[in-house]
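Asks: Residues per chain are reported as follows:
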Amino acid sequence: MTPAQVLDREGLDRLIEALSARGHRVLGPTVRDGAIVYGDLAATSDLPVGWTDRQGPGKYRLVRRDDDALFGYVVGPQSPKTYLHPAEVVVWAGERTAHGFTMAPPPEPPRYAFVGVRPCELAAIGIQDRVFLGGERDAVYGSRREGIFLVAVNCTEPGGTCFCASMGTGPAATAGYDIVLTEVIDGKDHYFTAESGSERGAEVLREAGAVEAKKGQVKAAADLVEAATGRMGRTMETAGLADLLRQSLEHPHWQEVAKRCLTCANCTLVCPTCFCANVEDTTDLTGRQAQRVRRWDSCFNYEFSLIHGGPHRASAAARYRQWMTHKLAWWFDQFGTSGCVGCGRCITWCPVGIDITAEAAAIRSKQEVV
Amino acid sequence: MSKPKLGVFKFASCDGCQLSLLDCEDELLTVAGAVQIAFFPEASREYMEGPYDLTLVEGSITTPHDLEAIKEIRAQSKFLITIGACATAGGIQALRNWKDVTEFTRYVYAHPEYISTLETSTPVADHVAVDFELRGCPINKWQLIEVVNAFLHGRKPNIPSYSVCVECKRRGTACVMVAQGIPCLGPVTQAGCGALCPAYNRGCYGCFGPMESPNVLALGEWWRSMGVDDRALVNALRGFNAYAEPFREASDVYAQQA
Numbered sequence: 001m002t003p004a005q006v007l008d009r010e011g012l013d014r015l016i017e018a019l020s021a022r023g024h025r026v027l028g029p030t031v032r033d034g035a036i037v038y039g040d041l042a043a044t045s046d047l048p049v050g051w052t053d054r055q056g057p058g059k060y061r062l063v064r065r066d067d068d069a070l071f072g073y074v075v076g077p078q079s080p081k082t083y084l085h086p087a088e089v090v091v092w093a094g095e096r097t098a099h100g101f102t103m104a105p106p107p108e109p110p111r112y113a114f115v116g117v118r119p120c121e122l123a124a125i126g127i128q129d130r131v132f133l134g135g136e137r138d139a140v141y142g143s144r145r146e147g148i149f150l151v152a153v154n155c156t157e158p159g160g161t162c163f164c165a166s167m168g169t170g171p172a173a174t175a176g177y178d179i180v181l182t183e184v185i186d187g188k189d190h191y192f193t194a195e196s197g198s199e200r201g202a203e204v205l206r207e208a209g210a211v212e213a214k215k216g217q218v219k220a221a222a223d224l225v226e227a228a229t230g231r232m233g234r235t236m237e238t239a240g241l242a243d244l245l246r247q248s249l250e251h252p253h254w255q256e257v258a259k260r261c262l263t264c265a266n267c268t269l270v271c272p273t274c275f276c277a278n279v280e281d282t283t284d285l286t287g288r289q290a291q292r293v294r295r296w297d298s299c300f301n302y303e304f305s306l307i308h309g310g311p312h313r314a315s316a317a318a319r320y321r322q323w324m325t326h327k328l329a330w331w332f333d334q335f336g337t338s339g340c341v342g343c344g345r346c347i348t349w350c351p352v353g354i355d356i357t358a359e360a361a362a363i364r365s366k367q368e369v370v
Numbered sequence: 001m002s003k004p005k006l007g008v009f010k011f012a013s014c015d016g017c018q019l020s021l022l023d024c025e026d027e028l029l030t031v032a033g034a035v036q037i038a039f040f041p042e043a044s045r046e047y048m049e050g051p052y053d054l055t056l057v058e059g060s061i062t063t064p065h066d067l068e069a070i071k072e073i074r075a076q077s078k079f080l081i082t083i084g085a086c087a088t089a090g091g092i093q094a095l096r097n098w099k100d101v102t103e104f105t106r107y108v109y110a111h112p113e114y115i116s117t118l119e120t121s122t123p124v125a126d127h128v129a130v131d132f133e134l135r136g137c138p139i140n141k142w143q144l145i146e147v148v149n150a151f152l153h154g155r156k157p158n159i160p161s162y163s164v165c166v167e168c169k170r171r172g173t174a175c176v177m178v179a180q181g182i183p184c185l186g187p188v189t190q191a192g193c194g195a196l197c198p199a200y201n202r203g204c205y206g207c208f209g210p211m212e213s214p215n216v217l218a219l220g221e222w223w224r225s226m227g228v229d230d231r232a233l234v235n236a237l238r239g240f241n242a243y244a245e246p247f248r249e250a251s252d253v254y255a256q257q258a
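Taken in sequence, the protein lines are chains A and B.
First residue of the first sequence? That's 1 in my numbering, and the numbers climb one at a time after it.
First residue of the second sequence? That's 1 in my numbering, and the numbers climb one at a time after it.
Any given hint might turn out to be false.
[Said to hold, decoys possible] Going by beta-carbon spacing under 7 Å, a handful of chain B positions derived as facing chain A:
(1) Lys10
(2) Ala69
(3) Val166
(4) Ser213
(5) Leu219
[To be verified] Here are a few chain B residues that face chain A, going by a calculated C-beta distance under 7 Å:
(6) Ala32
(7) Tyr47
(8) Gly50
(9) Cys165
(10) Met177
(11) Pro183
[Stated by the list, open to error] Quick list of the computed label-pair ranges, beta carbon to beta carbon:
(12) B/Glu245 <-> A/His190: 53 to 63 Å
(13) B/Ala232 <-> A/Gln247: 23 to 33 Å
(14) B/Gln256 <-> A/Glu226: 54 to 64 Å
(15) A/Ala98 <-> B/Pro41: 32 to 42 Å
(16) B/Tyr109 <-> A/Ile307: 49 to 59 Å
(17) B/Asp229 <-> A/Lys259: 35 to 45 Å
(18) A/Gln334 <-> B/Gly33: 45 to 55 Å
(19) B/Gln257 <-> A/Glu10: 40 to 50 Å
FYI, nobody ran anything at the bench for these hints, they're computed from the structure.
Glycine included, each C-beta is placed from N, C-alpha and C at the ideal position.
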């Protein structure tokens, strides 16, 4: 830990260069296809400069800001999960030989650096660490996770579907980063207060030419983050929620959700903590080459719970219930933490705008009447 | 062991799906080496009698002759796979199922009395037992190779029946409906194309037919909230897979209200 420092935009450019020079593939928010998604960063000009996002249930729009903020938006459909737990990865490949078979080791993954990671995303990485590394180390995740460099950005303008304050994961990053930034735009003054969370974070800040922040700058940044807490687009009442859900397995509201639910799996795929994947073994036509491929799967898919005789979660109600109760209740039993970080992606990217906070509230309110 | 005999047959269709087999390019020679092409008029003049170990059937059943022919093909086939939207759902020509065919023939043909056709265009599985249905308009050649590959190795084909959304998310396409307000059938459509249209900022047209648990009316309700009228909903659902039950039933609901 070093005292709070400050960078200007050129300093941030040097920071990206420094990460690149250390052999990282630098990733961060970029604009593509009408949304902010992770992409390669060579300089701050690759960031969504002057863009913001308007988010609501089933709706996302990019809108121009009236300033040149670099981080004036919240999270898009992707998260670091896209890279740490890839959507599709060859686990191993083998080839038949005269006396058996040989196996090729998987290629060495890149060493990623993420710039602009939000506090809820840091929390999500922490949760996936428990999932993939807590017990048996998952090689696919572990080989990508170990050695990453995380530059977090505190949130000063929460989005319409954000509820990190309810889940205790934001809007300020508290741990899990190498560097954390807060962007401040005050008239013509545009700067980033910075703190390191690791020794190499401090080194990179030095390499980027960060200088000690003035008291006023530190206060301005802290005020912005503090104000953000009260400006969340959504709230989730978490007190007793896990127990409430455990006791509500036959609640009629699951059927209500099922009328709207498309079982399309979007909520699980955009969720930064959902980790399910299937493993598929394939051969080529000759039967000489074989490989095992891991792909993102979802508890909303029919085959996910398919056993002899059929899937044991055949209805949409059963699938939604499984997802939501896992996220908010069973996750505690399994991993000792909530599975939800309050990022709001499942609300925004549900094609029909199903809102986990509203569904949880509905189950709670109807409970009280009963 | 002799190579399995392959037969490729077609009914009412554009030939595009069986051409996917010839479009396999690099894999074509391997396929040709693994099977004996016994009947495949698009590829070879050599016609061998049945029975066939693996039969691929393209096209829908639209004439009295088709009705007889498909029964004979079934009788001659150990393993019968239908390929493409025509064979699996009746195809775009199933739009006739909502209209009067004899009226069409009067408009189109100088001598409609020569035309012998059925009232409806129906999928092969409505008439004979089918071992596997491979969806798509056209089918995806990689899925075709997978199905042939699975047959050759005696295993279940890895052909998912979940939504197109899964493919969009895996390839990193931002949802065109959420981010751009473009109506998209992806959430109710089966994967298989690789989410091609959304990757080019187009909504999904439903070429691979209904996904495993389609909630078409819920998606339709959302489209309405986006300003899509019932007539446009009917048109969207009555495409290449119009007669697939979930699309058909939902389109009938909107047609009544339009």
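Asks: All hints are to be evaluated individually against the structure, with a verdict given for each.
Replies: Evaluation of the provided hints:
1. Lys10: Result: violated, 23 Å to nearest chain A Cβ.
2. Ala69: violated (30 Å)
3. Val166: holds (5 Å)
4. Ser213: The hint holds - B/Ser213 has a Cβ within 7 Å of chain A, the shortest such distance being about 5 Å.
5. Leu219: At 6 Å from the nearest chain A Cβ, B/Leu219 passes the 7 Å test, so the hint holds.
6. Ala32: Violated, because the Cβ-Cβ distance from B/Ala32 to chain A comes to roughly 10 Å (cut-off 7 Å).
7. Tyr47: violated (24 Å)
8. Gly50: violated (24 Å)
9. Cys165: Holds: closest Cβ of chain A sits about 4 Å from B/Cys165, inside 7 Å.
10. Met177: holds (5 Å)
11. Pro183: With Cβ-Cβ at 10 Å, over 7 Å, it is violated.
12. B/Glu245 <-> A/His190: 53 to 63 Å: holds (58 Å)
13. B/Ala232 <-> A/Gln247: 23 to 33 Å: 44 Å Cβ-Cβ, so the 23 to 33 Å window is violated.
14. B/Gln256 <-> A/Glu226: 54 to 64 Å: holds (56 Å)
15. A/Ala98 <-> B/Pro41: 32 to 42 Å: holds (41 Å)
16. B/Tyr109 <-> A/Ile307: 49 to 59 Å: holds (54 Å)
17. B/Asp229 <-> A/Lys259: 35 to 45 Å: Check failed, 22 Å falls outside 35 to 45 Å.
18. A/Gln334 <-> B/Gly33: 45 to 55 Å: At roughly 49 Å between Cβ atoms, B/Gly33 and A/Gln334 fall inside 45 to 55 Å, so the hint holds.
19. B/Gln257 <-> A/Glu10: 40 to 50 Å: violated (60 Å)
Checked against the numbered hints above, the structure breaks hints 1, 2, 6, 7, 8, 11, 13, 17, 19 and satisfies the rest.
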